[in-house]
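A.B. asks: Fit chain R to the known structure of chain V by using the hints.
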Amino acid sequence: MSENEWVSVADKGSVPEGEMKGVTVGSTEVAIYNLKGELYATDNLCTHAYAFLTDGWMDGEEVECPLHAGRFEIKTGKGMGAPIPCDVKSFPVRIEGDKIQVKVG
Amino acid sequence: MSDQNIVIIGAGHAGGRAADALRTAGYTGAVTLCGEERHPPYERPPLSKELLFGAIPHEKTYLFPEAYYAEKNIALKLGVAVTAIDRQAQRVTFADGSTLPYDALMLTTGARARRLPLPGGDGPRVFYLRDIDDTLALREKLGEGTRLAIIGAGFIGLEIAATARKRGVSVTVIELAALPLARVAAPEIGEYMAQLHRGKGVDLRTGVKVTAIEDTGSELRIMVEGGEPIVADYAAIGIGAQPNVELAQQAGIECKDGIVVDQFGHTNDPKIFAAGDVTRHLNPLLDRHVRLEAWQNAQNQAIAVAKVMAGGDQPFSEVPWFWTDQYETNMQMAGAPDRWDRVVWRGEPTDPGFTLFQLLDGRVVAAVTINNARDMRFGRMLIQSGKIVDPAALGDKNTKLQDLVR
Numbered sequence: 001m002s003e004n005e006w007v008s009v010a011d012k013g014s015v016p017e018g019e020m021k022g023v024t025v026g027s028t029e030v031a032i033y034n035l036k037g038e039l040y041a042t043d044n045l046c047t048h049a050y051a052f053l054t055d056g057w058m059d060g061e062e063v064e065c066p067l068h069a070g071r072f073e074i075k076t077g078k079g080m081g082a083p084i085p086c087d088v089k090s091f092p093v094r095i096e097g098d099k100i101q102v103k104v105g
Numbered sequence: 001m002s003d004q005n006i007v008i009i010g011a012g013h014a015g016g017r018a019a020d021a022l023r024t025a026g027y028t029g030a031v032t033l034c035g036e037e038r039h040p041p042y043e044r045p046p047l048s049k050e051l052l053f054g055a056i057p058h059e060k061t062y063l064f065p066e067a068y069y070a071e072k073n074i075a076l077k078l079g080v081a082v083t084a085i086d087r088q089a090q091r092v093t094f095a096d097g098s099t100l101p102y103d104a105l106m107l108t109t110g111a112r113a114r115r116l117p118l119p120g121g122d123g124p125r126v127f128y129l130r131d132i133d134d135t136l137a138l139r140e141k142l143g144e145g146t147r148l149a150i151i152g153a154g155f156i157g158l159e160i161a162a163t164a165r166k167r168g169v170s171v172t173v174i175e176l177a178a179l180p181l182a183r184v185a186a187p188e189i190g191e192y193m194a195q196l197h198r199g200k201g202v203d204l205r206t207g208v209k210v211t212a213i214e215d216t217g218s219e220l221r222i223m224v225e226g227g228e229p230i231v232a233d234y235a236a237i238g239i240g241a242q243p244n245v246e247l248a249q250q251a252g253i254e255c256k257d258g259i260v261v262d263q264f265g266h267t268n269d270p271k272i273f274a275a276g277d278v279t280r281h282l283n284p285l286l287d288r289h290v291r292l293e294a295w296q297n298a299q300n301q302a303i304a305v306a307k308v309m310a311g312g313d314q315p316f317s318e319v320p321w322f323w324t325d326q327y328e329t330n331m332q333m334a335g336a337p338d339r340w341d342r343v344v345w346r347g348e349p350t351d352p353g354f355t356l357f358q359l360l361d362g363r364v365v366a367a368v369t370i371n372n373a374r375d376m377r378f379g380r381m382l383i384q385s386g387k388i389v390d391p392a393a394l395g396d397k398n399t400k401l402q403d404l405v406r
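Sequences listed follow chains V and R, in order. So the first sequence is residues 1 to 105, counted in this note's numbering. So the second sequence is residues 1 to 406, counted in this note's numbering.
Isolated chain V, as found in the complex (with noise of 0.2 Å):
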């Protein structure tokens, strides 16, 4: 599977409002989320340690991780304070047809 193009990761209705799923794309663990009906993308992997942040929680508009509730920002992926060191990535996602497809790399 190819980087930097338009991958298709999941039927259209599989992340419904307020739920996140990780898939994986090439090397990279993704998460994408629902938030208010809108779709987000970003690394799966926490920062600080090595966790699926979809193993976590959605609180309003982050991601904490289930090992040691580090936060990120949702929409940019940004880091919310200790024990948090570095922001994860985020991505492009949208819908096309009836899949989700996101863009990494």
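Treat the hints loosely; a few may be bogus.
A short, non-exhaustive set of chain V residues, derived as facing chain R with CB atoms under 8 Å [as the list claims (entries may be wrong)]:
1) ASP55
2) TRP57
3) PRO66
4) LEU67
5) ALA82
6) PRO83
Calculated pairs, DSBU-like style, for lysine-lysine (alpha carbon to alpha carbon, straight line, at most 30 Å) [unchecked claim]:
7) V/LYS78 <-> V/LYS103
8) V/LYS78 <-> R/LYS60
9) R/LYS400 <-> V/LYS75
10) V/LYS75 <-> R/LYS60
11) V/LYS89 <-> R/LYS72
12) R/LYS49 <-> V/LYS89
13) R/LYS166 <-> V/LYS36
14) R/LYS49 <-> R/LYS166
Because the hints were derived from the structure by calculation, they are not lab data. Glycine included, each C-beta is placed from N, C-alpha and C at the ideal position.
C.D. replies: Below, chain R alone, put in the same frame as chain V:
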């Protein structure tokens, strides 16, 4: 506040977070962070896991790169101990004879591994695991087939056991209590962890009292009450930690198995604050003083107290929370109950993941998740809410925990 001078004694996890939090809170005066170790502040959880295994270089545990401190105008004074605090003169003295004045002092002196108070407890084949250098020294000894005896089946002992097994070490764990984690967890969890380790080939001996460690010159003979000696190449001791209170004690600061502080980190000297492992602090949610040896407390209490030092007025008030990783198992625990009157299982111990709640008078006082971290957030909220919950609903996986919190 720009002409203030804050000195932080102890450059561990709490000290590092405190220094950073002072800057984040907008404090612009001087900050000097003093540590006895040669390393800048680092997180300890990876020591007994990734670092002991050899999966990461030790620099990976650092809170921030060393250059970060200069960027934030935080002076690092490492590799030299503070030997005295003169409260009258508001000045600290270092082992090298130098002194430093302070307007406010933060004590984040942490804790140290409790030594085995028995003959042979400090020999060259006996290891403790508290800091980076301890970990690197023990790691060198752990090869395929090495015989390691671990004394103490608490968090550290079990984590060393799991890491050592992953390196092909032959492991015997000796515990005085009837179950592992007896000091911190419910017996149901201790039983689960015992089975986990035995399943991974650990020779776990509980209810066994060590009386001495003999070094024959080529191996150790661990003498136990009423049984044959246990023979090993090396021993690792994990029998708890004791707070580094001596400096505070000598300066007349109130200590009681830890530096006594309120929910804001105040000691009995208005110029002196404390945070992290070394404190016995008032937890407003539990309504009692606790001393916690944990990552969350090191990080969040330090941040909270630093904010108070920078002029804030918010207390540190969180449900205590711990975690451990052993083999492929992630265990998390919230609450620090001194008693409970029933447990509720959410799932079965044979499930890939489950949660155990401990209740007192119908309220959740502790939650333990095994490979089930998703329940932890709501477990913490349930404890914090102090609500009386229906045990049947709590134990029913079809009931959403968030609905019980509301």
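A.B. asks: Each of the hints needs a verdict: does it hold here or not?
C.D. replies: Right, here's what the structure says about each hint:
1. ASP55: 6 Å, holds
2. TRP57: Hint holds; V/TRP57 Cβ to chain R Cβ min 5 Å, cut 8 Å.
3. PRO66: Holds. Min distance 4 Å.
4. LEU67: 7 Å, holds
5. ALA82: Nearest chain R Cβ about 6 Å off; hint holds.
6. PRO83: 6 Å, holds
7. V/LYS78 <-> V/LYS103: 18 Å, holds
8. V/LYS78 <-> R/LYS60: 21 Å, holds
9. R/LYS400 <-> V/LYS75: Holds, at roughly 27 Å.
10. V/LYS75 <-> R/LYS60: 28 Å, holds
11. V/LYS89 <-> R/LYS72: At roughly 25 Å apart (the allowed maximum being 30 Å), R/LYS72 and V/LYS89 satisfy the hint.
12. R/LYS49 <-> V/LYS89: With Cα atoms ~27 Å apart, R/LYS49 and V/LYS89 stay inside 30 Å; holds.
13. R/LYS166 <-> V/LYS36: Given that 30 Å is the threshold and the Cα spacing comes to 45 Å, the pair is violated.
14. R/LYS49 <-> R/LYS166: Holds: R/LYS49 and R/LYS166 sit about 10 Å apart, inside 30 Å.
Of the hints listed earlier, the one the structure fails to meet is number 13.
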